[in-house]
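In this note's numbering, the protein residues as written are 237 to 810.
No lab work stands behind these hints: they were computed from the structure.
Careful, some of the hints might be misleading.
To be verified - Label-pair distances were calculated between CB atoms; the ranges are:
hint, residue 1, residue 2, range
1, Ala303, Ala723, 47 to 57 Å
2, Arg298, Ala399, 22 to 32 Å
3, Val391, Arg764, 55 to 65 Å
4, Arg682, Ala399, 52 to 62 Å
5, Gly744, Ala723, 21 to 31 Å
6, Asp760, Ala294, 43 to 53 Å
Ideal Cβ placement from N, Cα and C applies to all residues, glycine included.
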Amino acid sequence: MRILLVASAYNSLTQRVHAELRERGHTVAVEVTLHGGDVRAAVGRHAPELVVAPMLKAVVPRDVWTARTCLIVHPGPVGDRGPSSLDWAVQEAAGEWGVTVLQAEEEMDAGPVWATATFSVPPVAKSDLYRNELADAAVEAVLLAVERFASGQYVPLDQSTLAKAAGARTRPPMRQAARRIAWADDSTDSVLRTLRAADSQPGVLDDLLGGEWFLHGGHPERGLRGRPGELLATRAGAICRATADGAVWIPELRARTGPGAPRACKLPATLALSGCPELAGLPELPSPALPPADDDSTWSDIRYREDGPVGVLSFSFPGGAMSTEHCRRLLAAYRAACARPTTVLVLGGGRDFFSNGIHLGVIEAATDPAAESWANINAMDDLVEAILTTTDRLVVSAIGGNAAAGGVMLALAADEVWCRSGSVLNPHYRRMGLYGSEYWTYSLPRRVGAAMAEQLTEEALPVTAAHAQDVGLVDRVVECAPSRFTAEVTGMAAHLATSPRAQALLAGKKAESEHREAVTPLADVRARELAHMRDIFQNPAAPYHALRRAFVRKEPAAAGRAAAGARSAPLADS
237 MRILLVASAY
247 NSLTQRVHAE
257 LRERGHTVAV
267 EVTLHGGDVR
277 AAVGRHAPEL
287 VVAPMLKAVV
297 PRDVWTARTC
307 LIVHPGPVGD
317 RGPSSLDWAV
327 QEAAGEWGVT
337 VLQAEEEMDA
347 GPVWATATFS
357 VPPVAKSDLY
367 RNELADAAVE
377 AVLLAVERFA
387 SGQYVPLDQS
397 TLAKAAGART
407 RPPMRQAARR
417 IAWADDSTDS
427 VLRTLRAADS
437 QPGVLDDLLG
447 GEWFLHGGHP
457 ERGLRGRPGE
467 LLATRAGAIC
477 RATADGAVWI
487 PELRARTGPG
497 APRACKLPAT
507 LALSGCPELA
517 GLPELPSPAL
527 PPADDDSTWS
537 DIRYREDGPV
547 GVLSFSFPGG
557 AMSTEHCRRL
567 LAAYRAACAR
577 PTTVLVLGGG
587 RDFFSNGIHL
597 GVIEAATDPA
607 AESWANINAM
617 DDLVEAILTT
627 TDRLVVSAIG
637 GNAAAGGVML
647 ALAADEVWCR
657 SGSVLNPHYR
667 RMGLYGSEYW
677 TYSLPRRVGA
687 AMAEQLTEEA
697 LPVTAAHAQD
707 VGLVDRVVEC
717 APSRFTAEVT
727 GMAAHLATSP
737 RAQALLAGKK
747 AESEHREAVT
757 PLADVRAREL
767 AHMRDIFQNP
777 AAPYHALRRA
787 FVRKEPAAAG
797 RAAAGARSAP
807 LADS
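Using the sequences plus the hints, can you model the full thing?
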């Protein structure tokens, strides 16, 4: 069937729906449509049999939805209406939520229902929930709705005939007034709900050190105390701020800019505040080399736990972006983990983003973006090289969420790649105007063959976990809920560590490493890739610089470029 996806951005859900439908044999076009007129023009160009809107802020024009069926994916259960459905659900701590696929009509979110699905709401950030539990439910509902439409027999149900879910109602957009934190009165749990409901967009607007900032992300701190609202400490780029009964760690900030000024970049909090003298007086509380994974009294973006012969080195960087500093800290933790007496080391294993490669926001905000680009890619390469040259144990990359660009290539450096069934991979760099590094010219063809490697990098399209396994990009697909992924891969790794296969894999790994260094040394691979990257970084006219700026500053031009070619903004984090 010919299906047109219309979306306000080629975000994670749009990518996943695109990949799932395409891999089921449908002919799928994607258009980024910022206004109703764009929707009309897109329908005119493609003449689809069905229109699906996975994430659409624009209103579908009447002449479009009266002429053909247009299915809207609403991130709320039946009876819930409004553009901030998921924000309200997270802020109000809903235990269960839903997704409704409904037909576009005059009144927003009020059309007949084609399919629904429900999901539990764990205490995580909105963007994490959106990419995982909600995305799983949305894909289930979209596929069912498309199947029902294709049958030609199904009659969608009027919403008035369906029972409303608990808490479902018509609600206004969640404005900053509803997100305001009263630091003197709000508990840590209340502050966390507010921060999580605004992650990763739009953030919580607040006053901090004499300026106005959008706060992004929040994690509990149970040990530190102080006057509510004051800053207490820093750690790994985050700031710790006192609440009425404890404190929270805030990893990222974005400066509020005035009308007409370019949108500021979202940055690690200490980097964003680097010009504030008050920051210098705060204590830096470093984490241990391998922070224990079961310590929920404080926050660390890198964690480690050991279960017999298995070590699990997990990491969680906002938006999956890895700055130079992130890479260096993760490399130090990786080396410390390799000093432990384990047979299998699991890299990743968390429930959300694995990695999206270099940190475009930090690069854009740098005094010399070309120099920071160079430092960042070399730090990524150092990390990947350490994994590729580990021969005394098996390394497994466990991708619990999405991964893109250099983040995919980071995963491919491991001996095996295990991927949750709901993950979406973007194994390419082209849509950001980059040649790529992270030893991809060695790792990708080694796994999928030269022809498939060229197809994946040139088509620059997202692939599902199932398709990634079919082409050899990943070894195992783990069918489980996001919250179960860590436990599942830990059990699988324990089984691998005690199996006869482990020793055979280790022996083969050492032999392959010796052969590789004799034929195509890794140093040569790195030098060739970095020569291309240096030329791009040092050329002010290279498309990378404009694409990077448009992406991190959310400029309209980014949407236009996404609508062309592969419609891809693979680093999008929501």
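Against the structure, the hints:
For the pair Ala303 and Ala723, the beta carbons lie near 49 Å from each other, so the given range of 47 to 57 Å is met. At roughly 29 Å, the beta carbons of Arg298 and Ala399 sit within the given window of 22 to 32 Å. Taking 55 to 65 Å as the suggested C-beta distance range, the pair Val391 and Arg764 conforms, at roughly 59 Å. A C-beta distance of roughly 53 Å is found between Arg682 and Ala399, which places it inside the suggested range of 52 to 62 Å.
Take Gly744 and Ala723: their Cβ atoms lie about 28 Å apart, and the range 21 to 31 Å holds. Between Asp760 and Ala294 the beta carbons are some 50 Å apart, a value that agrees with the proposed interval 43 to 53 Å.
Violated hints are absent here; each numbered hint is respected by the structure.
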